[in-house]
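Peer 1: If you want the building blocks of each chain, they are given just below.
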Amino acid sequence: MSALGLELGLSTLMLGVFVVGVVARDDARRIAGMISAIGVLALAVGSFLLEPAPAAPGDAFVLDGLALFAKQLLLVATFIGILGSLSLTDPAFRRRAPEYYLLLLASLLGMLVLVSARELILLFVAFELMSIPLYVLSGFLKRESVAVEAALKFFLVGTVSSAILAYGLSFVYGAAGTTALAGVARALGAPGPLLLVGMFLVLAGFGFKIAAFPFHMWVPDTYEAASTPFVAWLSVAPKAAGFVAIFRVYLEGVGDRVALWIPIVAGLAAITMTAGNLMALPQRNSKRLLAYSGIAHIGYMLVGLAAVSASGTAMVLFYLVAYVFGNMGAFLIVEAVAQAEGSVHLDALRGLAERAPLLALAMLLSLLSLGGIPFVAGFWAKLYVFWAAAQAGLYGLVLLGAILTVVALFYYLMLARPMYIDAPRRSGPIPVSPPLALAILICTLGVVGVGVYPKPLVELTLRVANALF
Amino acid sequence: MNDAGTLALAALGLPLCAFVLLAVVAPLRRAGKAAGALGIAAIGGALVAALVLWRSGQGVELAWSWLPAEGGPMATVGILVDPVAAVMLVLVALVSFLVQLYSLGYLEHETGPALGRYYAYHSLFAVSMIGLVLAGNFLQMFIFWELVGLCSYLLIGFWYDKPEAARAAVKAFWTTKVGDLGFIIGIVLLWGRAGTFTFSELFKMAGDGTLAPDGLGLVMFLIYLGAVGKSAQFPLHVWLPDAMEGPTPVSALIHAATMVAAGVYLVTRAYPLFLLTPDVLALIGWVGAFTALLAAVLGLVQADIKRVLAYSTVSQLGYMMAALGAGALGAGFFHLLTHGLFKALLFLGAGAVIHAVGTNDVWRMGRLGGAMPQTAIVFLVGTLALAGIWPLAGFFSKDAVLAGVWEGGLTVPFLMLALTVFLTAFYMFRVVFLVFFGAGRAEGHPHDPPVSMSLPLWTLAGLTVGVGGYFALRGGGQEGHGPGWIPWVSSALAVAGIVCAWVTYQKQAVSAETLARIFAPLYTAAQRKFWLDDFYGAVYRGGFLALSRLVGWVDRYLVDGLVNWASAWTLRVGDRLRRIQTGRAQDYLYGVAFGLLLVIVWSYWP
Numbered sequence: 001m002s003a004l005g006l007e008l009g010l011s012t013l014m015l016g017v018f019v020v021g022v023v024a025r026d027d028a029r030r031i032a033g034m035i036s037a038i039g040v041l042a043l044a045v046g047s048f049l050l051e052p053a054p055a056a057p058g059d060a061f062v063l064d065g066l067a068l069f070a071k072q073l074l075l076v077a078t079f080i081g082i083l084g085s086l087s088l089t090d091p092a093f094r095r096r097a098p099e100y101y102l103l104l105l106a107s108l109l110g111m112l113v114l115v116s117a118r119e120l121i122l123l124f125v126a127f128e129l130m131s132i133p134l135y136v137l138s139g140f141l142k143r144e145s146v147a148v149e150a151a152l153k154f155f156l157v158g159t160v161s162s163a164i165l166a167y168g169l170s171f172v173y174g175a176a177g178t179t180a181l182a183g184v185a186r187a188l189g190a191p192g193p194l195l196l197v198g199m200f201l202v203l204a205g206f207g208f209k210i211a212a213f214p215f216h217m218w219v220p221d222t223y224e225a226a227s228t229p230f231v232a233w234l235s236v237a238p239k240a241a242g243f244v245a246i247f248r249v250y251l252e253g254v255g256d257r258v259a260l261w262i263p264i265v266a267g268l269a270a271i272t273m274t275a276g277n278l279m280a281l282p283q284r285n286s287k288r289l290l291a292y293s294g295i296a297h298i299g300y301m302l303v304g305l306a307a308v309s310a311s312g313t314a315m316v317l318f319y320l321v322a323y324v325f326g327n328m329g330a331f332l333i334v335e336a337v338a339q340a341e342g343s344v345h346l347d348a349l350r351g352l353a354e355r356a357p358l359l360a361l362a363m364l365l366s367l368l369s370l371g372g373i374p375f376v377a378g379f380w381a382k383l384y385v386f387w388a389a390a391q392a393g394l395y396g397l398v399l400l401g402a403i404l405t406v407v408a409l410f411y412y413l414m415l416a417r418p419m420y421i422d423a424p425r426r427s428g429p430i431p432v433s434p435p436l437a438l439a440i441l442i443c444t445l446g447v448v449g450v451g452v453y454p455k456p457l458v459e460l461t462l463r464v465a466n467a468l469f
Numbered sequence: 001m002n003d004a005g006t007l008a009l010a011a012l013g014l015p016l017c018a019f020v021l022l023a024v025v026a027p028l029r030r031a032g033k034a035a036g037a038l039g040i041a042a043i044g045g046a047l048v049a050a051l052v053l054w055r056s057g058q059g060v061e062l063a064w065s066w067l068p069a070e071g072g073p074m075a076t077v078g079i080l081v082d083p084v085a086a087v088m089l090v091l092v093a094l095v096s097f098l099v100q101l102y103s104l105g106y107l108e109h110e111t112g113p114a115l116g117r118y119y120a121y122h123s124l125f126a127v128s129m130i131g132l133v134l135a136g137n138f139l140q141m142f143i144f145w146e147l148v149g150l151c152s153y154l155l156i157g158f159w160y161d162k163p164e165a166a167r168a169a170v171k172a173f174w175t176t177k178v179g180d181l182g183f184i185i186g187i188v189l190l191w192g193r194a195g196t197f198t199f200s201e202l203f204k205m206a207g208d209g210t211l212a213p214d215g216l217g218l219v220m221f222l223i224y225l226g227a228v229g230k231s232a233q234f235p236l237h238v239w240l241p242d243a244m245e246g247p248t249p250v251s252a253l254i255h256a257a258t259m260v261a262a263g264v265y266l267v268t269r270a271y272p273l274f275l276l277t278p279d280v281l282a283l284i285g286w287v288g289a290f291t292a293l294l295a296a297v298l299g300l301v302q303a304d305i306k307r308v309l310a311y312s313t314v315s316q317l318g319y320m321m322a323a324l325g326a327g328a329l330g331a332g333f334f335h336l337l338t339h340g341l342f343k344a345l346l347f348l349g350a351g352a353v354i355h356a357v358g359t360n361d362v363w364r365m366g367r368l369g370g371a372m373p374q375t376a377i378v379f380l381v382g383t384l385a386l387a388g389i390w391p392l393a394g395f396f397s398k399d400a401v402l403a404g405v406w407e408g409g410l411t412v413p414f415l416m417l418a419l420t421v422f423l424t425a426f427y428m429f430r431v432v433f434l435v436f437f438g439a440g441r442a443e444g445h446p447h448d449p450p451v452s453m454s455l456p457l458w459t460l461a462g463l464t465v466g467v468g469g470y471f472a473l474r475g476g477g478q479e480g481h482g483p484g485w486i487p488w489v490s491s492a493l494a495v496a497g498i499v500c501a502w503v504t505y506q507k508q509a510v511s512a513e514t515l516a517r518i519f520a521p522l523y524t525a526a527q528r529k530f531w532l533d534d535f536y537g538a539v540y541r542g543g544f545l546a547l548s549r550l551v552g553w554v555d556r557y558l559v560d561g562l563v564n565w566a567s568a569w570t571l572r573v574g575d576r577l578r579r580i581q582t583g584r585a586q587d588y589l590y591g592v593a594f595g596l597l598l599v600i601v602w603s604y605w606p
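First to last, the sequence lines map onto chains A and B. Under the numbering used here, residues 1 to 469 are what the first sequence spells out, in order. Under the numbering used here, residues 1 to 606 are what the second sequence spells out, in order.
To be clear, the hints were calculated from the coordinates, so they are not data collected in a lab. Glycine is no exception: its CB is placed at the ideal position from the N, C-alpha and C atoms. Certain hints may be false.
Stated by the list, open to error - Not the full set, but computed from the structure, chain B residues with beta-carbon under 10 angstroms of chain A:
(1) Ala-63
(2) Ser-65
(3) Phe-144
(4) Lys-204
(5) Gly-207
(6) Thr-277
(7) Trp-458
(8) Ala-546
(9) Leu-550
(10) Gln-581
(11) Ala-585
(12) Leu-589
(13) Leu-598
(14) Trp-602
Claimed, not checked - Derived Cβ-Cβ restraints for the label pairs, each shown as a range:
(15) B:Leu-283 / A:Ile-403: 55 to 65 angstroms
(16) B:Arg-584 / A:Ala-56: 33 to 43 angstroms
(17) A:Val-406 / B:Leu-547: 53 to 63 angstroms
(18) B:Ala-593 / A:Gly-449: 40 to 50 angstroms
Stated by the list, open to error - Output of the computed footprint for chain B on chain A, the stretches with three or more beta carbons under 8 angstroms from beta carbons of chain B:
(19) 198 to 204
(20) 218 to 224
(21) 242 to 253
(22) 421 to 430
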């Protein structure tokens, strides 16, 4: 029973939010947000009290170290995302609050199941449960045509990818003769061509979810059009879930045959890093810039995956934590500024250091973390990922990543420069609503905490990853 | 974690809190006096912690792994408290406390923000210096080592609108950097041989002989270079006299008692390693003795009271190094401690004089003994201690050094040091007679300083007498095992120096000009600082700047050209790539199809 505890708790919470939506009228519905926040916080706290249970080989649903780690990360990220969403002022977010939070929690439920799934059908169902609410959420402001357009693009690309995923899964089932991942891993011991075709099709499907190049094209449009706190969450949570699913399908129990994936993952990593970083350069819209930088970060994580080793996997998990705090922090600060200035253009950040020194400092820390500067989380993340790849002999990839880090620093500092160098266009402080401020604080503390003292997290991820091999 | 660990961390943490508060909370910093009170309270707390730790006599070693890696941590952070560190910690905290208290009076005319800045730097210095003392490994020590260098730079240049101060700050920074370069290379080479930065592990390896001795000499020499820079040993001593452009309390704290002693502390700390390389130790001894003599000669001709004290500091640091080089570890460290007390006293006394008369020039002072009796008494105590007169603290430590060098078999360095005893007494009493006695030339109405300044002076004077008295009653210094004639000879030399100074500057039986004529070549050479500064200047202008211009050309036209070309190209590619983002959903689906094709083709590529 306890293996499903978090999912059951989340379902109960969803039921509560639903009832609020039915019972409460108009503005009273805002309470749905508070309930969701408190509920997710309670679940997050609960998840840290749980102990991982060792999985039997045949289990379809497991709560091993990897699943628990991922669930904790997802719950924390969702808590931050909901806190950020509480500050949204558009009337739609008040009137239709239960709808918004219900969709968000439904997607979260999909993610929680996905990271535990060790069976192909459950995996696919969880994948869809995670994805479909996201399409609705990105077009939540249905009167705004850009949002609807972006949601539609997201949906179209998403369904095609789901179709490819399902197609690939059918090959895998056909070749392996089982839907259990343990059986698939066994079958990979002597893979036939059909099984490999299936696995590569599945990789393309996951590639959409984690937004690897060239499956990333929905990302900038969707991020730009959807509400920023949601985007902050969208940019991290589904990607974390996607990576864990990839670990399950491609690495867990496969043994020496994992070397099969090295060339293809290394290739994806290289083009994703390159394209993400280069396309971020000409952007003048903070959200689009962060969207492309997020793609680049996926590329860096793929570098760790390409090492197909325990340390590589551990370092991707570490990277995910750093990325959750750094990226969400940056997006939420963009939102805080946008709420005061009404713009997400780079110019809106001008003179932020003068008007809101703490906000500017938090943004700088997030950007430094994303850029990989020592003593904030992102530095260790990049260092460890490159290290793992170097151990696996992927020196070319490491070199490419290191060069692209320089490119990345250029555009991160392009974000930081107007904050500290340029004069503000308007004077006066920037008001930040308390929940948003709390969310930003959590992100900043995470970035600094992991950066100053990464040891416990590294040890935890190594422990989690070693169990996979 | 036990009590000693908690106390050590408290000593480190309190000034750190003060610094962070002063750095972050701008109104507090701008308040000036309140900032000072906070800094003083924090360092006072650290002093109490240090005293308790020292009295308890507990040793402790704490280490946390810092950079985790699969094969054990790459580096640890930790603290190491042993008797040496504990007593050094007390010295650092005590002098810092007294100097911060003194500064409140000395800098009363500064504006609030400037005073706040001063105390923020001072707190950072306290953190760094305490961190340096407590460091449990070379890497951590180097980090704090650089931090004290930074604080020294900031505080020398405290009056940054004064061009000399700004120049002196830069000079100090660059000169010590030359040594630091050797230090860090040495640390890394040592790590390459031993695989660890941690002192205790290194000492264990040194003890059981697992550290290969061949080539270790170079490593230890490089580490010693760090000490040469920081402790102003020949030939890198040139920065210390210029550093006197900073406020006088800063000179007392950083450039007399604590930071400049860090080099001596480094050699003390790493002594088990230096013992493996006798050649390097001998070099340390010779360089130390030569530095002592050279600086004493230079001190003879200075007109600026602080510069006299600065050369005297260089000279005394030479004593400490000479003792270490001769194998007298205890004597060298003992002299570090006593010197820290009486040199801080002398500087603070000089500060009181400068504060009263508004000039550094000894020729424009005189007969101040009557106007400032308190200052005159404490300054005299410090001078007698520095000259090595029984029963003050300096007598015992200096004799221990001389005995140690003699026992160590370094005869020529011993003779240099003995001659330096005479010169030290001479140049110090030259200052005493010119400033406090002799003809009255001072302008204005000098008076004794306020309580916040005189209290530190009396405390240090009391300690100088007290420590000396303690050893006098106990009958001898820590390592008074040398031949019995040494104390007599050194005392005779010191008295001779005093008498000569009296004859020349008080009685004026021999005119200073005549002396200068007799020793004309030496006098000119000393006036020109033995042309060392000129030599460095020429090397800097001729060699270094020419090289810089060459490198600058390469950088501007080759490197920058390449970089500009690469960045322009990067931007152009980024712009091209952006265009594939057409905004049309069908193109996005083509993207997915293309990606799928790519995956399949790539994975079946032969």
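Peer 1: Can we keep the B:Trp-602 interface hint, with Cβ of chain A closer than 10 angstroms?
Peer 2: holds (5 angstroms)
Peer 1: How about B:Thr-277: closest beta carbon in chain A under 10 angstroms, or not?
Peer 2: With Cβ-Cβ at 34 angstroms, over 10 angstroms, it is violated.
Peer 1: Does the Cβ pair B:Arg-584, A:Ala-56 satisfy 33 to 43 angstroms?
Peer 2: violated (49 angstroms)
Peer 1: Against the range 53 to 63 angstroms, how does the distance between the Cβ atoms of A:Val-406 and B:Leu-547 compare: consistent or not?
Peer 2: violated (27 angstroms)
Peer 1: When I compare C-beta atoms, does the stretch 218 to 224 of chain A have three or more residues closer than 8 angstroms to chain B?
Peer 2: holds (count 3)
Peer 1: For the hint on B:Leu-589, does the least C-beta distance to chain A fall short of 10 angstroms?
Peer 2: holds (6 angstroms)
Peer 1: Verify the interface restraint on B:Trp-458: the C-beta must sit less than 10 angstroms from at least one C-beta of chain A.
Peer 2: Because about 43 angstroms separates B:Trp-458 from the closest Cβ in chain A, which is outside the 10 angstroms limit, the hint is violated.
Peer 1: Quick one, is the B:Ser-65 hint okay against chain A at 10 angstroms, beta carbons?
Peer 2: With Cβ-Cβ at 6 angstroms, under 10 angstroms, it holds.
Peer 1: Can you tell me if the stretch 198 to 204 of chain A counts as covered by chain B, using C-beta to C-beta distances under 8 angstroms and a minimum of three residues?
Peer 2: holds (count 4)
Peer 1: Given the range 55 to 65 angstroms, decide if the beta-carbon distance of B:Leu-283 to A:Ile-403 lies inside it.
Peer 2: violated (45 angstroms)
Peer 1: Holds or violated: is there a CB of chain A closer than 10 angstroms to the CB of B:Leu-598?
Peer 2: Check passed: Cβ of B:Leu-598 comes within 7 angstroms of chain A, closer than 10 angstroms.
Peer 1: Residue count check for the stretch 421 to 430 of chain A against chain B: does it reach three with CB-CB under 8 angstroms?
Peer 2: Not satisfied, violated; 0 residues make the cut.
Violation of the numbered hints given earlier is confined to hints 1, 3, 4, 5, 6, 7, 8, 9, 15, 16, 17, 21 and 22; the remaining hints are satisfied by the structure.
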